[in-house]
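Undergrad: Chain by chain, the residues run as shown.
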Amino acid sequence: EPEVTQTPSHQVTQMGQEVILRCVPISNHLYFYWYRQILGQKVEFLVSFYNNEISEKSEIFDDQFSVERPDGSNFTLKIRSTKLEDSAMYFCASNPGRGYNEQFFGPGTRLTVL
Amino acid sequence: DQQVKQNSPSLSVQEGRISILNCDYTNSMFDYFLWYKKYPAEGPTFLISISSIKDKNEDGRFTVFLNKSAKHLSLHIVPSQPGDSAVYFCAASSNFGNEKLTFGTGTRL
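Residue numbers (my numbering), protein chains in the order written: chain A, 1 to 114; chain B, 1001 to 1109.
These are computed hints drawn from the structure, not numbers from a lab.
Treat each hint with caution, since some may be false.
[Said to hold, decoys possible] For lysine to aspartate or glutamate, the following EDC-like pairs were computed, each having C-alpha atoms within a straight-line distance of at most 20 Å:
1. 1054/B x 102/A
2. 1037/B x 1/A
3. 78/A x 68/A
4. 42/A x 1042/B
5. 1038/B x 3/A
6. 1038/B x 68/A
7. 1038/B x 44/A
8. 42/A x 1024/B
9. 1054/B x 1024/B
10. 1037/B x 3/A
11. 1037/B x 44/A
[Claimed, not checked] The calculated label-pair distances, taken between Cβ atoms and stated as ranges, are:
12. 1039/B x 2/A: 18 to 26 Å
13. 1068/B x 14/A: 42 to 50 Å
14. 2/A x 1059/B: 14 to 22 Å
15. 81/A x 1084/B: 37 to 45 Å
16. 38/A x 1027/B: 17 to 25 Å
17. 84/A x 1008/B: 28 to 36 Å
18. 13/A x 1029/B: 33 to 41 Å
19. 1068/B x 12/A: 44 to 52 Å
[Stated by the list, open to error] Chain B residues, not near chain A, derived (Cβ > 10 Å throughout):
20. 1007
21. 1014
22. 1016
23. 1055
24. 1065
25. 1067
26. 1068
27. 1076
28. 1082
29. 1098
30. 1099
31. 1101
What you are looking at is a predicted structure, and each value in this text was computed from that prediction instead of being measured.
Don't be surprised by glycine CBs; every beta carbon is placed ideally from N, CA and C.
Starting from the given sequences, assemble the full structure and let the hints guide the process.
TA: Following this line, the structure appears as structure tokens:
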């Protein structure tokens, strides 16, 4: 069964460093998302992406964040200058397209900012 | 911003009995509701969903009930099994399709 994959599973970085989290959505899916979950809190929406552009972003998704689909299969989330409060699990999700509300999640990347 | 609430952080149920997980929402624009199951160190796994035009949806041991007037939904698991132990998240979206999901805080079963 097709699934969303994410790499790395765990990323440790120093505050102020740039990180890139990678995702391979399910093939032929059209909508892509990033969510995050700070330890002990709920899963929060960051950004949605469709047709090579951002379709919606949350207030969390400030200028330090960016997303890209560089090659038609990967979907990346970049944090330019990490802060301690960026430490969280980051989940990528994808959706088949119009008429589907279900989103399928990857296993997540645990980001630890020291 | 608590648009989706799960007021029970945890629930304990004996094997074979019914588990009932509850969820309330405040945003009238929500038209589609989903339940996800999450194990530690894994991503949420889609379980079952319901559109606001229905009041019940069933899939095997899982049934979701929606009371739109009360802005309340529940997930019933019958019979409960040890493998059901996980955190269950309620999520909601508008029915424009492909919209972001707004999650509740989860209930640990």
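Undergrad: Does each hint hold? Answer for all of them.
TA: Against the structure, the hints:
1. Using a Cα cut-off of 20 Å, the hinted pair residue 1054/B and residue 102/A holds, with the two alpha carbons roughly 16 Å apart.
2. With a CA separation close to 18 Å, the supplied pair residue 1037/B and residue 1/A stays within the 20 Å bound.
3. In summary, the hint linking residue 78/A to residue 68/A is supported, as the alpha carbons are separated by about 8 Å, within the 20 Å threshold.
4. Pair hint residue 42/A plus residue 1042/B holds up; C-alpha atoms about 14 Å apart against a cutoff of 20 Å.
5. As the CA atoms of residue 1038/B and residue 3/A are separated by approximately 15 Å, the hinted pair is consistent with the 20 Å bound.
6. As the CA atoms of residue 1038/B and residue 68/A are separated by approximately 27 Å, the hinted pair breaks the 20 Å bound.
7. With a CA separation close to 15 Å, the supplied pair residue 1038/B and residue 44/A stays within the 20 Å bound.
8. Only pairs whose Cα atoms come within 20 Å are accepted, and residue 42/A paired with residue 1024/B is accepted, the gap being roughly 15 Å.
9. Taking the CA atoms of residue 1054/B and residue 1024/B, the gap is about 16 Å. The hint holds against a cut of 20 Å.
10. With a C-alpha separation of about 16 Å, the suggested pairing of residue 1037/B with residue 3/A holds against the 20 Å cut-off.
11. With a C-alpha separation of about 16 Å, the suggested pair residue 1037/B and residue 44/A falls inside the 20 Å cut-off, and the hint holds.
12. Checked against the hint of 18 to 26 Å, the C-beta distance between residue 1039/B and residue 2/A comes to roughly 20 Å, which is consistent with it.
13. At roughly 49 Å, the beta carbons of residue 1068/B and residue 14/A sit within the given window of 42 to 50 Å.
14. Take residue 2/A and residue 1059/B: their Cβ atoms lie about 20 Å apart, and the range 14 to 22 Å holds.
15. The hinted range of 37 to 45 Å is satisfied by residue 81/A and residue 1084/B, whose Cβ atoms lie roughly 42 Å apart.
16. The hint said 17 to 25 Å for the Cβ distance between residue 38/A and residue 1027/B, and at roughly 22 Å that hint holds.
17. Checking the proposed 28 to 36 Å range against residue 84/A and residue 1008/B shows it holds: the Cβ atoms sit about 31 Å from each other.
18. Here the CB-CB span from residue 13/A to residue 1029/B is close to 37 Å, well matched to the stated 33 to 41 Å.
19. Checked against the given bound of 44 to 52 Å, the beta carbons of residue 1068/B and residue 12/A, roughly 45 Å apart, stay inside it.
20. Annotated as non-interface, residue 1007/B keeps its C-beta farther than 10 Å from every C-beta of chain A; the closest such distance is 13 Å.
21. The claim that residue 1014/B is not at the interface with chain A holds, since no C-beta of that chain comes within 10 Å of its own (minimum 27 Å).
22. At roughly 29 Å from the closest C-beta of chain A, the C-beta of residue 1016/B stays outside 10 Å, upholding its exclusion from the interface.
23. The beta carbon of residue 1055/B is kept farther than 10 Å from every beta carbon of chain A, the shortest such distance being approximately 17 Å.
24. For residue 1065/B, the non-interface assignment is confirmed: its Cβ lies about 18 Å from the closest Cβ of chain A, beyond the 10 Å cut-off.
25. Every beta carbon of chain A lies more than 10 Å from that of residue 1067/B, the smallest distance being close to 19 Å; the non-interface claim holds.
26. Against chain A, the non-interface label of residue 1068/B holds: every CB pair exceeds 10 Å, the least being about 16 Å.
27. Against chain A, the non-interface label of residue 1076/B holds: every CB pair exceeds 10 Å, the least being about 20 Å.
28. For residue 1082/B, the condition that its CB be more than 10 Å from all CB atoms of chain A holds, with the nearest at approximately 22 Å.
29. Non-interface status of residue 1098/B relative to chain A is broken: a Cβ of that chain comes within 10 Å, the nearest being about 5 Å off.
30. Chain A draws residue 1099/B into its interface by the beta-carbon criterion, the shortest separation being 7 Å against a cut-off of 10 Å.
31. In this structure residue 1101/B is not separated from chain A by more than 10 Å, as the shortest Cβ-Cβ distance comes to only about 6 Å.
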